[in-house]
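Need the complex rebuilt from these two chains, each delivered in its own frame; the hints are there to steer you.
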Amino acid sequence: MAEITLSSLAHTYETNPSSPEDYAIRKMDHVWHQGGAYALLGPSGCGKSTMLNIISGLLQPSEGDVIFDSRIVNDLSPEERNIAQVFQFPVVYDTMTVFENLAFPLRNIKTPAHKIAPRVHEVAEILELTSVLKRKAKNLNADEKQKVSMGRGLVRDDVSAILFDEPLTVIDPQLKWKLRRKLKQIHEQFNITMIYVTHDQLEASTFAEKIAVMYEGKMVQFGSPRELFERPAHTFVGFFIGSPGMNFLEVAITDSGAQYGDIAIPINPHQHAIAKASDSGNIKLGIRPEFVHVWDDKNDEAFEVNVKDVEDLGTYRIMSFYFGDSLLRARLHEDQRVPQKKAYVSFPEQWLTLYIDEYRVEVGNE
Amino acid sequence: MNKVENNKAWFLVLPMLVLVSFSAVIPLMTVVNYSIQDILGNSAFFVGTEWFEKTLNDPDLQGALLRQFAFSFTILAIEVPLGIAIALLMPKKGWQASAVLILVILPLLVPWNVVGSMWQIFTRGDIGLMGYGINALGYDYSITSNATDAWVTIILMDVWHWTPLIALLCYSGLRAIPEAYYQAARIDRASNWAVFRYIQLPKLTNVLVIGVLLRFMHSFMIYAEPFVLTGGGPGSSTTFLSQSLTSMAIGQQDLGPSAAFSIIYFLIILAVSYVFYIAIMNMQKDKVNTQGGA
Numbered sequence: 001m002a003e004i005t006l007s008s009l010a011h012t013y014e015t016n017p018s019s020p021e022d023y024a025i026r027k028m029d030h031v032w033h034q035g036g037a038y039a040l041l042g043p044s045g046c047g048k049s050t051m052l053n054i055i056s057g058l059l060q061p062s063e064g065d066v067i068f069d070s071r072i073v074n075d076l077s078p079e080e081r082n083i084a085q086v087f088q089f090p091v092v093y094d095t096m097t098v099f100e101n102l103a104f105p106l107r108n109i110k111t112p113a114h115k116i117a118p119r120v121h122e123v124a125e126i127l128e129l130t131s132v133l134k135r136k137a138k139n140l141n142a143d144e145k146q147k148v149s150m151g152r153g154l155v156r157d158d159v160s161a162i163l164f165d166e167p168l169t170v171i172d173p174q175l176k177w178k179l180r181r182k183l184k185q186i187h188e189q190f191n192i193t194m195i196y197v198t199h200d201q202l203e204a205s206t207f208a209e210k211i212a213v214m215y216e217g218k219m220v221q222f223g224s225p226r227e228l229f230e231r232p233a234h235t236f237v238g239f240f241i242g243s244p245g246m247n248f249l250e251v252a253i254t255d256s257g258a259q260y261g262d263i264a265i266p267i268n269p270h271q272h273a274i275a276k277a278s279d280s281g282n283i284k285l286g287i288r289p290e291f292v293h294v295w296d297d298k299n300d301e302a303f304e305v306n307v308k309d310v311e312d313l314g315t316y317r318i319m320s321f322y323f324g325d326s327l328l329r330a331r332l333h334e335d336q337r338v339p340q341k342k343a344y345v346s347f348p349e350q351w352l353t354l355y356i357d358e359y360r361v362e363v364g365n366e
Numbered sequence: 001m002n003k004v005e006n007n008k009a010w011f012l013v014l015p016m017l018v019l020v021s022f023s024a025v026i027p028l029m030t031v032v033n034y035s036i037q038d039i040l041g042n043s044a045f046f047v048g049t050e051w052f053e054k055t056l057n058d059p060d061l062q063g064a065l066l067r068q069f070a071f072s073f074t075i076l077a078i079e080v081p082l083g084i085a086i087a088l089l090m091p092k093k094g095w096q097a098s099a100v101l102i103l104v105i106l107p108l109l110v111p112w113n114v115v116g117s118m119w120q121i122f123t124r125g126d127i128g129l130m131g132y133g134i135n136a137l138g139y140d141y142s143i144t145s146n147a148t149d150a151w152v153t154i155i156l157m158d159v160w161h162w163t164p165l166i167a168l169l170c171y172s173g174l175r176a177i178p179e180a181y182y183q184a185a186r187i188d189r190a191s192n193w194a195v196f197r198y199i200q201l202p203k204l205t206n207v208l209v210i211g212v213l214l215r216f217m218h219s220f221m222i223y224a225e226p227f228v229l230t231g232g233g234p235g236s237s238t239t240f241l242s243q244s245l246t247s248m249a250i251g252q253q254d255l256g257p258s259a260a261f262s263i264i265y266f267l268i269i270l271a272v273s274y275v276f277y278i279a280i281m282n283m284q285k286d287k288v289n290t291q292g293g294a
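Protein chains in written order, with the UniProt record's numbering: chain A, 1 to 366; chain B, 1 to 294.
Just to be clear, a hint being listed does not mean it is correct.
[Said to hold, decoys possible] Restricting the straight-line Cα-Cα distance to at most 20 Å, the calculated cross-link-like pairs of lysine to aspartate or glutamate (EDC-like) are:
#  : chain 1 : residue 1 : chain 2 : residue 2
1  : A       : K182      : A       : E216
2  : B       : K285      : A       : E80
3  : A       : K184      : A       : E216
4  : A       : K110      : A       : D157
5  : A       : K184      : A       : D158
6  : A       : K276      : A       : E358
7  : A       : K138      : B       : E179
8  : A       : K218      : A       : D65
9  : B       : K93       : B       : E179
10 : A       : K176      : A       : D200
11 : B       : K93       : A       : E14
12 : A       : K182      : A       : E122
13 : A       : K218      : A       : E128
14 : B       : K203      : A       : D357
15 : B       : K203      : A       : E100
16 : B       : K285      : A       : E100
17 : A       : K341      : A       : D357
18 : A       : K110      : A       : D158
[To be verified] Now the stretches of chain A that chain B is said to cover, found in silico as 3 or more residues with beta-carbon under 8 Å:
#  : region
19 : 68-81
20 : 85-91
21 : 240-246
Since the hints were made in silico from the structure, they are not lab data.
Where a beta carbon is used, it is the ideal one built from N, C-alpha and C, also for glycine.
For reference, chain B alone in the conformation it holds in the complex (with noise of 0.2 Å):
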């Protein structure tokens, strides 16, 4: 059989290619490129992995590593559980259901440096109402002098400006449960903690995976809200990794060690999502393999 051989179709992915390469590909190869050599002007010296080496023995960005992964790691296991107690509790239908959601919703709209800058009045002592209030109460309330005051306000900074999305995608998760399967629950006299529990979360499984991703590596880049609001201060008690490596980039000038960090960074957030992911998918599998089983 003489079959005639077309491969005219691969052209037909070629703008989707230029586009990708232009978008993700060119900029990425920058900062191999960068992260590889000692590029100065138009000199440029192949270093291999010195750069890598540098960065990762480095005892200041180790530090905002740490604080990193302490801060995504907080801020998942508050705003997880709240965000479905939230989505729990909103109404389900009316003119309450609608309210609700656009209350629910605001935090969301507003520009990451504004919530920063609201924050940074709001936690003043002298004109803030939270920093005002809690000084009047007795402590001696400080971001910018106690590095657990500050670790305390951005916690909850960002969970008032990120819970809402997790609610937001639970909410909306909830709603698609057919009534059929309370009704179910109803006749098996589960109580409302089983309903929770072999419903409702199983039925949260996708949108939670999507919300866990969404808010990990949304946190593990997490910069300009604690750029407004401490600086990174005191000290470096709230410098995460993506305002050490704006820094080290911007601020020294260390193309080649900032390039390298850039690529480690990228991998740990490709690393950690994925694991996460394989995790979740994993809790729905069969634990058991049956004969023949699919």
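Next comes chain A alone, as it looks inside the complex (with noise of 0.2 Å):
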């Protein structure tokens, strides 16, 4: 039970760094709060394994610290930090028994026998392992050893905090749902802190309170699935989150408002004034598919755009229409109209979100 604190860390595999891309990662502030259930989520490479891998301590970061309440544990190893991990592939003992694996960390840490057996029971319950727990862990599938490797990483009740490295890569996707409802169940009856590396946005929505979306070393957001959906931080936050990912217009700023090509759109004069004010030429305005508003028929508020096609997803369609150069999207509700060849769209103000060097500039009034 641990409030987890990561001060001015930074992390490299380089002997001798010398410019921000040598970083695993960049240097970065960061508490995660005791009994959180949180997700760490982002692309191969992005540096969320080695975060974790730090945080339990199989890795030492190359500068910053790392404290477990009010405790710099830098130096400390994982037994010693008190962390349970689960990795990516299913990690069992071969020769021992499901429930000799599942004992394994008690029987580490000289727990007495009568507590051990009541323990393995519960945790083998709550993974549906009971009815395994006398086979050898060896002549198990995937998902049952994933489940064994996991169960493992729950059958402490002390531990300082679990991480889950992708833990349900390997698991089959009906189980995959079963299991993820399992952990945050888990997680409410126990109250242990859980950081859930993913980069799969739906396993990370559906497990976490928070996510910590990472890109190229650094967190570039930490907030509410909704957060994220609603009000990305980063461009990178807009395109990864979400399905598709955020629309995107490289913008000039004008006296009147923004300008794309020879298209003006109008925004908020909040933005607008700070976009003035700002040297930067990487001016980028965001707007998701689900905000982007498709009217029925022509109106001086809507730009006529054409059509390219209309993707049909059962419920809901997307419609991928030209934007001057740029191949923008829209989601059509299921009873509205299909455009044909010409489409009438507008950018509602309060869901155009302006970026100046890819990050998010706030508005006051939201």
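Given below as structure tokens:
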């Protein structure tokens, strides 16, 4: 049970790092609160596994501190930090039975036998491993092996935190959903800090209360799934979260608003003022496909655009259209009329976000 | 439904059958032929199991068989744990790994009779480093007059020659263990002994099966090294099976009994190897049959 603080933390695998690109994790500060259910989300190679291994103590950070409550634990081993970690691929002790596997972490800390059995049975019950407790772990299938791996992570109830490194990768989709629910249930039951690494946004948002999105070694946003969706703090979050991702237009700022090619786009005056003051050449407007307004008929507010195609995804449709040179997407409701060739779209001001140098410009009245 | 029978594919197996006949079946059948008949020149008499009875009751061969078992089990008991230990101690990467690997493998590259000659010279009291050294320490060491000295030396020689094989197999087995296993063990707070007992050793099972079987078969057929080193002596104290067999077949031209004994010899190796294999494989099975369990 601990609050985990990362203070000016950075990590590099190079011996002589010369540029920020040499860092797997760039300098960051972050606090994981006791009892939280967190997800660490990002594409392959963004540094999420590195961060997990630094928290657990399998890796020593090259700069900065890892602090548990108020104690600096940089030099402490995973066992001293009292961390449980579940890995991407199942790790089981082949010669042991499932029961012995689950009891192993407890036996290693000299738990009395009469406390081991009930605990093991409890965890086995949750993970539905009771029927295989007497089998040798070697003879299980991949799903069951991974459940045993997870069980060993869950069996100690005194741990500072449980870290999951994409634990459901090898699991079949139906069971995946079930296990995710189980994990959430276990979290609620035992109030243990859990950090869950994944590259799957759905997995992250069903498991976690708060998601940290990592990109190129930086934590670009930390927030609830809803915040990530509605107010992506970084263009990468906008692109990565949501299906399809956010639409972006690289714009120039004029005296009256934003200008994309020869199309003028009205924006919020507050955003306009900030953008005007900035001397950056990298200014983007972003809007989620869900928030693009598609009108049935021509009107003064709407832009007339050429439709590329409309994809039917069952309960909704995705319309791709050309806006100037850019291909943008809009989400159509099931019962909405499907535009043919021409469509009339507008970008509601409150959903239009401004990004300067890839980072979101906060707007006061939100 | 009319299914066209086409068994022409069987002809494709023919070349292999012919090859195996020449390499294994025909020589083996020759031995079988000799073992149940008394053949002299052009005349042959069927003698049934006479040769088998004779060889099984031959005290010399019985002695050689016992020595053979004692030898094989002793070297297995030393080489397997020692090989595992060496593999565990070998460096894992960098130039040190390559250097140590080459050093360890070196004995395997020496031809068998050369190994015998090397150790013959090595253990001589007058010019051999080991023989001279031990004598200088005050112990009257001689492999030609003292049976214990001869035994210890032969075992030492075999351990020197063949432990690298076990070490090499285990080394490759250890390298194949994913890092995640060690990480998980650290997370589970496993002791070093537990890491060895529950991760490394189980992962080595398969290579050890190969290692143990190879070493057993090999050592059970040992011929050149003791023949060169001690010539089977002093007395017959280091005469192993293959040497007895050779002197019987080539020296005394007792082809019938030698053939019979060859077959017994072959069956013993086959049986023991089979038992080893089954025993090791059984360790991995579930002890309890669960309902509907696979």
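Original post:
Any hints this thing doesn't respect? Which numbers, in order?
Top reply: Violated hints (numbers, rising): 1, 2, 3, 13, 14, 17, 21; every other hint is consistent with the structure.
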